[in-house]
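Enquirer: One-letter residues, chain by chain:
Number of protein chains: 2
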Amino acid sequence: MTQSRDEFAIIQRYFCDLTGQDGVVAGIGDDAAVLAIDAVPQLVMACDTLVASTHFPQRASPAQIATRALCVNLSDMAAMGAKPKWFTLALTLPPELASQSWLQDFSRGLAQIADRYNVALVGGDTTAGPLSVTVTLLGEVPNGASLLRSGAAPGEHIYVSGTLGDGAAALDYLITGSDTGAEVNQRLEEHFYCPQPQIELGLGLRDFATACIDISDGLVADLGHICEASQLRAQINTEKLPIHPDLGQFPDSQVLQWALTGGDDYQLCFTIPENCTDDFAKWAQSMRIPVSAIGKLVALDAHQPVVEIDGRPAPVDKGGYNHFR
Amino acid sequence: MTQSRDEFAIIQRYFCDLTGQDGVVAGIGDDAAVLAIDAVPQLVMACDTLVASTHFPQRASPAQIATRALCVNLSDMAAMGAKPKWFTLALTLPPELASQSWLQDFSRGLAQIADRYNVALVGGDTTAGPLSVTVTLLGEVPNGASLLRSGAAPGEHIYVSGTLGDGAAALDYLITGSDTGAEVNQRLEEHFYCPQPQIELGLGLRDFATACIDISDGLVADLGHICEASQLRAQINTEKLPIHPDLGQFPDSQVLQWALTGGDDYQLCFTIPENCTDDFAKWAQSMRIPVSAIGKLVALDAHQPVVEIDGRPAPVDKGGYNHFR
Numbered sequence: 001m002t003q004s005r006d007e008f009a010i011i012q013r014y015f016c017d018l019t020g021q022d023g024v025v026a027g028i029g030d031d032a033a034v035l036a037i038d039a040v041p042q043l044v045m046a047c048d049t050l051v052a053s054t055h056f057p058q059r060a061s062p063a064q065i066a067t068r069a070l071c072v073n074l075s076d077m078a079a080m081g082a083k084p085k086w087f088t089l090a091l092t093l094p095p096e097l098a099s100q101s102w103l104q105d106f107s108r109g110l111a112q113i114a115d116r117y118n119v120a121l122v123g124g125d126t127t128a129g130p131l132s133v134t135v136t137l138l139g140e141v142p143n144g145a146s147l148l149r150s151g152a153a154p155g156e157h158i159y160v161s162g163t164l165g166d167g168a169a170a171l172d173y174l175i176t177g178s179d180t181g182a183e184v185n186q187r188l189e190e191h192f193y194c195p196q197p198q199i200e201l202g203l204g205l206r207d208f209a210t211a212c213i214d215i216s217d218g219l220v221a222d223l224g225h226i227c228e229a230s231q232l233r234a235q236i237n238t239e240k241l242p243i244h245p246d247l248g249q250f251p252d253s254q255v256l257q258w259a260l261t262g263g264d265d266y267q268l269c270f271t272i273p274e275n276c277t278d279d280f281a282k283w284a285q286s287m288r289i290p291v292s293a294i295g296k297l298v299a300l301d302a303h304q305p306v307v308e309i310d311g312r313p314a315p316v317d318k319g320g321y322n323h324f325r
Numbered sequence: 001m002t003q004s005r006d007e008f009a010i011i012q013r014y015f016c017d018l019t020g021q022d023g024v025v026a027g028i029g030d031d032a033a034v035l036a037i038d039a040v041p042q043l044v045m046a047c048d049t050l051v052a053s054t055h056f057p058q059r060a061s062p063a064q065i066a067t068r069a070l071c072v073n074l075s076d077m078a079a080m081g082a083k084p085k086w087f088t089l090a091l092t093l094p095p096e097l098a099s100q101s102w103l104q105d106f107s108r109g110l111a112q113i114a115d116r117y118n119v120a121l122v123g124g125d126t127t128a129g130p131l132s133v134t135v136t137l138l139g140e141v142p143n144g145a146s147l148l149r150s151g152a153a154p155g156e157h158i159y160v161s162g163t164l165g166d167g168a169a170a171l172d173y174l175i176t177g178s179d180t181g182a183e184v185n186q187r188l189e190e191h192f193y194c195p196q197p198q199i200e201l202g203l204g205l206r207d208f209a210t211a212c213i214d215i216s217d218g219l220v221a222d223l224g225h226i227c228e229a230s231q232l233r234a235q236i237n238t239e240k241l242p243i244h245p246d247l248g249q250f251p252d253s254q255v256l257q258w259a260l261t262g263g264d265d266y267q268l269c270f271t272i273p274e275n276c277t278d279d280f281a282k283w284a285q286s287m288r289i290p291v292s293a294i295g296k297l298v299a300l301d302a303h304q305p306v307v308e309i310d311g312r313p314a315p316v317d318k319g320g321y322n323h324f325r
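Chains U and X, in that order, are what the protein sequence lines are. Count the first sequence with my numbering and you get residues 1 to 325, in order. Count the second sequence with my numbering and you get residues 1 to 325, in order.
Bound conformation, chain U alone:
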C-alpha cells in the first residue's frame, strides 16, 4: 500500500529524520524500506502492539506512549541476544489527537529511545482510528547465537537482571494513584513508560546463557515458558529475589507477589551452566550489570509444577492484559 498524501505528510514531517540510518539503503518514502546487511547473520523479528486503555492509561503523554512502545519491543531483542537495528511504526490515531503538538511529542519520545539504542525507523503507516501503536523490530544475531527459551538443562542456575516487582508496583501506582512519595512515584512512572531494555546484557549472554526470556508477564509465568520449552522444573529461592529498596514501604507479602507474578518488569530471566557462573559473574561485574542467581533447574517429573517457590508449587499466575479503565 502506498502512503496516502496525509499519511505521507505526517511521516515526512514528524518521523523522517528521527533516527540514525545505519544500513538503511532506502528508508521512509518508498513502498518499503531497503536494508543492507554486512555479513550473513540471522535476523530476529518481533512485534508488539500497545492499545490505549489496555496497555497504557488514556492520560499518558504522547512521548510516554512512544517510549514504552519502543522499549517493550527492544526488550524482546534483548531476550533473544540480538542487536536491534531497524523498526517500523504503525500508528493509529483518532483524528482529534492528530495535532502538531501530539505528533511532535510522540516523535520526540520515539527519537529519544531510537537514539539511545541506535535503531533506525525505516517505515510505517499512520491511520485514523482508535489510538494504538504497533512497533515491529528487526535485529541481527550471529548464526545460531540467538537465545531461545528451549536451551536450558538440569543443574543450571537461574538468573534475573535488575530488580523484580517494580513493574507491578508502577502499575499499582498508575491505577490506584497511591501516594508512594514524589521520588518513588517518579521512578515508578519512569519504569512503566521507559523500561530499560537489557540489550547489553542480552548481547553478553550469547557467551554464557543457554535460555533467556524477558519478564513481561511476571517471573513465574515467563520462567514457566523456559521450563515448558526446555522440559524442566525451576526451583526458586525467594530470599534471593532482588527487590529495590523503594518497595520497602509496601507489605512484604505484597512485594513478594509483585516480584513473582507481577508483569512489566522487562528484566531478563536466563539460565547459565554451573561451570560458567564464575566467568559470567566476572563479566557482569565488569559491565556493571546487576544480576542475581535466584534458583536452579532440575529434571521434570510428570505431574509436577514447572515452577516451584521455596519448595512449593508456584501460585497460578493471572497473566493477561492490563486494563486502564
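None of these hints come from the bench; they were simulated from the model. Remember, it's a predicted structure, so these values are computed and weren't measured experimentally. Note that CB positions come from ideal geometry on N, CA and C, so glycine has one too. A hint or two may mislead.
Here are a few chain U residues that face chain X, going by a calculated C-beta distance under 8 Å [what the hints assert, rightly or not]:
id, residue
1, D125
2, L138
3, Q254
Label-pair ranges, simulated between beta-carbon atoms [as the list claims (entries may be wrong)]:
id, chain 1, residue 1, chain 2, residue 2, range
4, X, C276, U, S61, 46 to 54 Å
5, U, M287, X, R59, 28 to 36 Å
6, U, Q231, X, S99, 46 to 54 Å
7, X, G144, U, D301, 55 to 63 Å
8, X, L97, U, Q231, 47 to 55 Å
9, X, E183, U, S61, 50 to 58 Å
10, X, L97, U, L97, 22 to 30 Å
Place chain X on chain U using the hints.
Expert: Same frame as chain U, now just chain X:
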C-alpha cells in the same frame, strides 16, 4: 514483550502452523522470530495497518479482513521488486469478536494468501481493543536491485499492469451497494478483499524498470510520487488506460475518474527506458502478465504540474482514507 498466556494460546491455536516455514529458525513461540538468510541480499521491510470502518466495512468477514491485510502488504513487496519471505501480524480484537469461529475464519484467510505467495508468519501480537490489523512484511532483493521511485529518466515509457479503476468501482459498490449484477459484484468484492499483489511482475521488472510504485491511492497520486522522486513530469494518454469490460456499464467520465484518481487498484505503475520496451513486451507476453504503456516521462520545468493528462494538468487527487461509516 512476552506473549501473555491468553495471547499465546490464541497464536498457538489459530496461527502457528499456518504457513510454510522456509528459512524460519525459530518462529512463533519465543520472544521474537529468528530468520536465516542464504546469501547477502538486501532486506525489504514494509508495514500497513487496516482499521475497521476506515479500511474495511464492519460487515467484512474475518477471512476477507485477513486476505486484504496480507495482499495490500504483499503489493508493497511487488512494488519494490522484492521476494516476500516473512511477516508478523499484530491483531487487535474486541473481546466480543475473539471467538473460535472468528479466529478460525481469519486464520483461514491468512493461510490462503500466505500459501499462495509462499510467505511465513513468524510472529505477532494479539491484543484486546478496537478491531485493527497490522502486517509487517520482510522480503529479500539482490544487492541494489530494488525498484525505487527515484530511478526514472526523461524519455522513458510509463506502464501499468492489469486494469485501472476496479478498486474505486469496488469501493463504490461496497459503500453504496449499487447493483452492478451478481457476477460483476462478486469480481469487485473479490478485487477489494483479495487484490492480487503483482509479485511475479515485480521480480521480472528488476531487469527492465527504472522506477516502480503500487497504485493504492490512484494513478495520478502514485505516478506523482515517481515524478516527484525522479524530478520528472509524466504525460498520460487516457486512450491508453486499460479498463476492464465490466466497467462498461458506468458512465465514461466516471470510469475515467476512477482509473485516474481512484485508489485500491494494487496494480504496479513503472517506467521503462525506450531501448528496453521490446524485450519487456516479449517477457510480459511470455509470462502472460497484462501490461499497458500509458504515456511518457519528460523533463520537469518549474511551475509545471508533475502529471499531465492528455496535455492538461491532472486534477488534484483527493487521496486520504476510505471511510466505511
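Enquirer: Hints first: check each against the structure and report whether it holds.
Expert: Hint check:
Interface hint at U:D125: satisfied, since its Cβ lies 5 Å from the closest Cβ of chain X, which is below the 8 Å cut-off. Annotation: U:L138 was flagged as interfacial toward chain X, and the flag holds, the nearest CB pair being 6 Å apart, inside 8 Å. Annotation: U:Q254 was flagged as interfacial toward chain X, and the flag is violated, the nearest CB pair being 22 Å apart, outside 8 Å. Hint check: X:C276 to U:S61, Cβ distance near 53 Å, so the stated range 46 to 54 Å holds.
Between U:M287 and X:R59, the C-beta spacing of about 56 Å breaks the proposed range 28 to 36 Å. With their beta carbons about 32 Å apart, U:Q231 and X:S99 fall outside the hinted range of 46 to 54 Å. The hinted window of 55 to 63 Å between X:G144 and U:D301 holds, with their beta carbons roughly 57 Å apart. The hint said 47 to 55 Å for the Cβ distance between X:L97 and U:Q231, and at roughly 35 Å that hint is violated.
At about 53 Å, the CB distance of X:E183 to U:S61 agrees with the hint of 50 to 58 Å. As the Cβ distance of X:L97 to U:L97 is approximately 24 Å, the hint placing it in 22 to 30 Å holds.
Against the hints set out earlier in the document, violations occur for numbers 3, 5, 6 and 8.
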